[in-house]
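*Asks:* Everything in the sequence shown is counted per the working numbering, starting at 422 for the first residue and increasing by one.
It is worth saying that the hints were derived from the structure and are not from the lab. Please note that the accuracy of each hint is not assured.
To be verified - Calculated cross-link-like contacts (lysine to aspartate or glutamate; reagent style EDC-like; alpha-carbon spacing at most 16 Å): (1) 551 / 517; (2) 551 / 518; (3) 536 / 499; (4) 600 / 508; (5) 536 / 473; (6) 487 / 517.
For clarity, every value in this text was computed on a predicted model and none was experimentally measured.
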Amino acid sequence: MDFQPRIPARQAGLTLLELLVTLTVTAILGVTVVPAMLDLIDRNRISASLNELVTHIHLARSQAIKNRYRAILCPSNDGRTCLRSGEWHHGFMLFDDNNGNRKPDPDERVIRFRKALPGVTMTSSRYRNKIVYQSNGMAGGTNLTITICGSRAAPQAIILSNTGRPRTADKRPDGKPLKCP
Numbered sequence: 422m423d424f425q426p427r428i429p430a431r432q433a434g435l436t437l438l439e440l441l442v443t444l445t446v447t448a449i450l451g452v453t454v455v456p457a458m459l460d461l462i463d464r465n466r467i468s469a470s471l472n473e474l475v476t477h478i479h480l481a482r483s484q485a486i487k488n489r490y491r492a493i494l495c496p497s498n499d500g501r502t503c504l505r506s507g508e509w510h511h512g513f514m515l516f517d518d519n520n521g522n523r524k525p526d527p528d529e530r531v532i533r534f535r536k537a538l539p540g541v542t543m544t545s546s547r548y549r550n551k552i553v554y555q556s557n558g559m560a561g562g563t564n565l566t567i568t569i570c571g572s573r574a575a576p577q578a579i580i581l582s583n584t585g586r587p588r589t590a591d592k593r594p595d596g597k598p599l600k601c602p
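Modelling step: build the complete structure from the supplied sequences, incorporating the hints.
*Replies:* Below, the structure is given as structure tokens:
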């Protein structure tokens, strides 16, 4: 038997220098990419919530005109009653108001109910916590501003005029910046 000394195979792995460079690059990416990604996610949440509420506002106006009686959109956390607060992020519901009492009665149809919206707050202007559409498509009363806020991104707003048409904005109707509660 011939005995030949065995040459050890080269060990595969990282040197300390390579490991430090890798950790440094990872840390730099984590510091720069993660906050930007969180901002993007927050902006998308705000945008999706805004678009969903605007869609419900358009549907409420359409239902009032089509059915020729009031349609009401209000904050709701259960789909059966309207909240007295202007906090729309708990959820909201759209219902037919056949008898004009501005309350959802058992014999009135709930057209849509949207459960709580995670990651955002949606607050309406003071003293205006319902959107009541008349059969002519008008939303009487004072103008309404619903401010939508996230945790990081700039707030957005839905502004509803008496004519019943909503618009979106990044400032209050008077031109001042939006403020989150």
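*Asks:* Evaluate each hint against the coordinates.
*Replies:* Going down the list of hints, with the structure as the test:
no. : hint      : verdict
1   : 551 / 517 : holds (13 Å)
2   : 551 / 518 : holds (12 Å)
3   : 536 / 499 : holds (8 Å)
4   : 600 / 508 : holds (15 Å)
5   : 536 / 473 : holds (12 Å)
6   : 487 / 517 : holds (11 Å)
In terms of the numbered hints stated before, the structure departs from none.
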